[in-house]
Structure formats: C-alpha cells, structure tokens
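> Each chain is listed here by its residues.
2 protein chains.
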Amino acid sequence: MPAPVDHDARRRHIAERAGALIAEGGLEAVSYRRLAADAECSTTVITHYFANRHELLLWAYRAAAERSQLRFDTALTESGGDLVASLSALLPVSPDTVEDWRIYFAFWHTATIDPVLTREHRWWLRNCRRVIAELLQRHHGIEPKRARHLARMLLTLLLGIAAQAMFDLRGFTAGRQRRLLTDQVAALGFGGGPQ
Amino acid sequence: MPAPVDHDARRRHIAERAGALIAEGGLEAVSYRRLAADAECSTTVITHYFANRHELLLWAYRAAAERSQLRFDTALTESGGDLVASLSALLPVSPDTVEDWRIYFAFWHTATIDPVLTREHRWWLRNCRRVIAELLQRHHGIEPKRARHLARMLLTLLLGIAAQAMFDLRGFTAGRQRRLLTDQVAALGFGGGPQ
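Residue numbers (my numbering), protein chains in the order written: chain A, 1 to 195; chain B, 1 to 195.
In case anyone wonders, no lab produced these hints; they're calculated from the structure. Please note that a few of the clues may not be correct.
What the hints assert, rightly or not - Taking lysine to any residue pairs in the SDA-like style, the calculated list, with each CA pair at most 20 angstroms apart, reads:
1) A:K145 to A:G189
2) A:K145 to A:R130
3) A:K145 to A:E134
4) B:K145 to A:G171
5) A:K145 to B:R179
6) A:K145 to A:L188
7) B:K145 to A:Q177
8) A:K145 to B:T182
9) B:K145 to B:V131
10) B:K145 to A:A186
11) B:K145 to B:R126
12) B:K145 to A:R176
13) A:K145 to B:R176
14) A:K145 to A:R129
15) A:K145 to B:A187
16) A:K145 to A:N127
17) B:K145 to B:L188
18) B:K145 to B:L125
19) A:K145 to B:D183
20) B:K145 to B:G189
21) B:K145 to B:R130
22) A:K145 to A:V131
23) B:K145 to B:N127
24) B:K145 to A:A187
25) B:K145 to A:T182
26) A:K145 to B:Q177
27) B:K145 to A:R179
28) A:K145 to A:L125
29) B:K145 to B:V185
30) A:K145 to B:G171
31) B:K145 to B:R129
32) B:K145 to A:F172
33) A:K145 to A:R126
34) A:K145 to B:A186
35) B:K145 to B:E134
36) A:K145 to B:F172
37) B:K145 to A:D183
Throw the hints in and build the complete structure from the sequences for me.
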C-alpha cells in the first residue's frame with residue numbers, strides 16, 4: 001500500500017518552490033509550467049492545490065512569512081528572550097534570510113495595490129509587532145502599552161535596516177546589521193538583554 | 001520658426017510618465033506602445049531618447065529619486081533646517097509621495113538582483129545619508145562623524161516607517177507618521193529643531 005499523501009506538505013512544497021522562483025525573478029517568474037518543472041509535479045497538481053495564480057502567490061508569500069516567524073521563535077527560545085538576538089534572526093544576514101527578503105520585496109509593490117495582498121501583508125506586519133511586544137512583556141517585564149509602543153519602533157528599525165542592507169550586502173555584513181540594531185535599540189533607552 | 005525642442009525636458013517627461021505606469025502596475029506595465037500613448041509621443045521618440053527598456057526604467061527610477069530630493073531640499077529651506085520637517089517630506093504622506101514609494105517598491109526586488117539597478121539604488125541611499133548628515137552639520141552643529149552615524153539611523157527610521165505606512169495608509173496618517181518620526185528622533189537623544 002502506498003503511503004498516504006500529505007496534502008498540506010505538498011501544498012507547502014509547491015508554495016515554497018514558487019517562493020524560490022519569485023526570489024530569483026519576481027512575481028512574473030511564476031508560470032505553472034515552470035513551477036511544475038521546478039517542483040517536480042504536473043501543472044494539474046498545481047491547479048488542484050491552488051484555485052488560481054493569485055492564490056498560489058498568496059501562499060508563496062505566506063510560506064516565506066511563516067519561515068520568518070519560525071526563525072524568530074527559534075532565536076527567541078535559544079537566546080532565552082534576548083531582544084537583539086531574536087530580531088536579528090529576521091534581518092537579511094544569511095542566504096536563506098536574503099532569499100526571504102527578495103520574496104518580500106517582490107510582493108511589496110503589488111501589496112500596495114491588490115487589496116487581498118495588502119490585507120495579508122498588513123496582517124503579518126501587525127503579527128510581527130505583536131510577537132515583539134509579547135517578547136518585551138514576557139522576557140523584559142515591560143508593561144503592555146509601552147511594549148506595543150516599543151514594538152512599533154523596533155519593527156521600524158528592522159525594516160529600515162533590511163531596506164538598506166539588501167542593496168549592499170557586502171557593506172552590511174551580518175555583524176554590522178546586528179551592531180546597527182544594537183545601537184538603535186540602545187538609543188531607545190533599552191539594553192535588550194533578558195531580565 | 002518652431003520653438004527649439006528641449007530634449008532634456010522631453011526625456012524627463014517620458015521618464016516621468018513611465019514612472020506613473022510603474023506606480024500603477026509595476027515594471028511589467030511599461031511597454032513602449034502603452035508609454036507612447038500615455039506620453040503622447042510615438043514609440044520612435046521613446047527609442048530615440050532611451051537605448052533600451054532597461055535604460056528607460058533606470059531613468060524612471062531616477063526621475064522619482066530626483067523628485068524626492070527636491071522635496072527634501074524644499075522642506076529643508078522652508079523650515080530653516082528643521083530635521084523632522086525635512087525628513088517628513090520624504091514619507092508617504094501625500095498622493096505624490098505615495099506614488100513615488102509605489103515606484104520605489106516596484107524596483108526593490110529587481111534592485112537586489114540587477115547590478116546596474118543595485119548600483120543606482122545604493123548610490124541614492126548613500127546620497128540620502130549624505131544630505132541628512134549635511135543638514136545635521138550645517139543646521140544643528142553636529143560634528144561630521146556623529147552626523148554620519150545619526151544620518152544612518154535617521155534613514156533607517158524613514159525607510160522603516162514608509163515600509164509600514166504604505167500598506168496601511170488609513171492607519172498611518174501623515175500626522176501619525178510624523179509623530180512616529182518625532183518620537184524616534186527624540187529617542188536618539190536629539191530634539192530635531194534647528195540650532
């Protein structure tokens with residue numbers, strides 16, 4: 001008897017391969033034919049899992065966003081709630097994170113225009129502020145209102161650093177990105193170490 | 001006798017119309033035929049002014065970047081060197097600035113991959129840090145090294161705020177963007193008013 005098909009895993013695999021094509025060539029690079037070749041499946045399998053190209057792109061975006069969240073959660077656990085260590089995991093400091101930022105950038109123009117993508121991306125930005133605020137409350141004893149305020153500032157720093165580093169990866173090494181983040185976290189009057 | 005043709009003005013006009021198409025539909029939206037209709041010229045005129053599509057896109061990017069610089073310079077002069085007022089002029093706080101950010105976002109993915117666009121965009125990021133550092137030196141009496149350091153942080157804030165506001169323009173009103181910037185400038189231990 002063949003093993004049962006794990007549909008979630010297959011859907012995710014196809015979405016992740018679509019993400020890889022997007023990272024390389026932008027949203028335009030995703031055609032069903034090219035994706036089928038890349039994901040080693042038929043175009044029928046793709047149309048089975050995704051109602052249309054728009055839905056496929058949405059899932060590719062989500063797959064990247066979920067990877068980012070997993071990176072943050074892992075760094076948070078491993079560092080015992082260290083702020084800079086947890087946030088740094090989201091910066092473009094490795095081939096994988098650089099690929100994810102390429103995917104995000106490929107979506108940003110469309111995400112200012114397409115209402116579904118706007119909503120999705122806005123949700124993830126809010127989610128990001130929420131998980132940072134939770135970190136601040138749980139591991140640094142900061143009260144909710146101030147935690148939300150600081151989380152907004154910290155997400156601002158994160159996006160601002162990535163938006164420079166991605167165009168100058170030699171200049172913005174992992175170490176330099178982390179120092180920039182550390183300096184700016186310090187400027188917020190906040191050491192960043194777990195309490 | 002007909003008036004002499006101002007070639008710079010025509011080139012700029014076409015580049016700006018290309019920018020408007022990009023803001024609406026991304027880089028893919030720029031075809032010579034569509035641009036010719038939009039700029040009210042023939043495709044021959046376009047091919048006369050731009051060696052190829054890549055050069056046309058580069059000029060469209062530059063036209064947007066030059067508009068941003070003009071906005072900054074104007075705000076700087078009008079405010080007598082006020083930091084928040086000058087930087088705010090670069091945030092997506094009006095239909096024109098939102099259009100410019102749409103153009104930037106349309107380029108960002110390509111600018112991580114295409115070496116010519118990477119170089120161009122990096123140049124503008126550096127230019128932006130340079131003009132901010134000059135503002136800090138001239139109008140706030142900050143010594144060069146610290147001015148460069150603060151300029152890096154201020155550009156980070158600017159990019160980070162825009163990268164949230166563009167996906168939630170109702171939430172991030174002009175006033176709220178300015179307050180976020182003011183708060184974070186204050187957190188840098190720096191009032192921002194001219195000295």
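> Hints first: check each against the structure and report whether it holds.
Right, here's what the structure says about each hint:
| no. | hint | verdict |
| --- | --- | --- |
| 1 | A:K145 to A:G189 | 16 angstroms, holds |
| 2 | A:K145 to A:R130 | 12 angstroms, holds |
| 3 | A:K145 to A:E134 | 11 angstroms, holds |
| 4 | B:K145 to A:G171 | 18 angstroms, holds |
| 5 | A:K145 to B:R179 | 17 angstroms, holds |
| 6 | A:K145 to A:L188 | 15 angstroms, holds |
| 7 | B:K145 to A:Q177 | 19 angstroms, holds |
| 8 | A:K145 to B:T182 | 18 angstroms, holds |
| 9 | B:K145 to B:V131 | 14 angstroms, holds |
| 10 | B:K145 to A:A186 | 19 angstroms, holds |
| 11 | B:K145 to B:R126 | 15 angstroms, holds |
| 12 | B:K145 to A:R176 | 17 angstroms, holds |
| 13 | A:K145 to B:R176 | 17 angstroms, holds |
| 14 | A:K145 to A:R129 | 12 angstroms, holds |
| 15 | A:K145 to B:A187 | 17 angstroms, holds |
| 16 | A:K145 to A:N127 | 16 angstroms, holds |
| 17 | B:K145 to B:L188 | 15 angstroms, holds |
| 18 | B:K145 to B:L125 | 18 angstroms, holds |
| 19 | A:K145 to B:D183 | 15 angstroms, holds |
| 20 | B:K145 to B:G189 | 16 angstroms, holds |
| 21 | B:K145 to B:R130 | 12 angstroms, holds |
| 22 | A:K145 to A:V131 | 14 angstroms, holds |
| 23 | B:K145 to B:N127 | 16 angstroms, holds |
| 24 | B:K145 to A:A187 | 17 angstroms, holds |
| 25 | B:K145 to A:T182 | 19 angstroms, holds |
| 26 | A:K145 to B:Q177 | 19 angstroms, holds |
| 27 | B:K145 to A:R179 | 17 angstroms, holds |
| 28 | A:K145 to A:L125 | 18 angstroms, holds |
| 29 | B:K145 to B:V185 | 18 angstroms, holds |
| 30 | A:K145 to B:G171 | 18 angstroms, holds |
| 31 | B:K145 to B:R129 | 12 angstroms, holds |
| 32 | B:K145 to A:F172 | 18 angstroms, holds |
| 33 | A:K145 to A:R126 | 15 angstroms, holds |
| 34 | A:K145 to B:A186 | 19 angstroms, holds |
| 35 | B:K145 to B:E134 | 11 angstroms, holds |
| 36 | A:K145 to B:F172 | 18 angstroms, holds |
| 37 | B:K145 to A:D183 | 15 angstroms, holds |
Of the numbered hints listed earlier, not one is contradicted by the structure.
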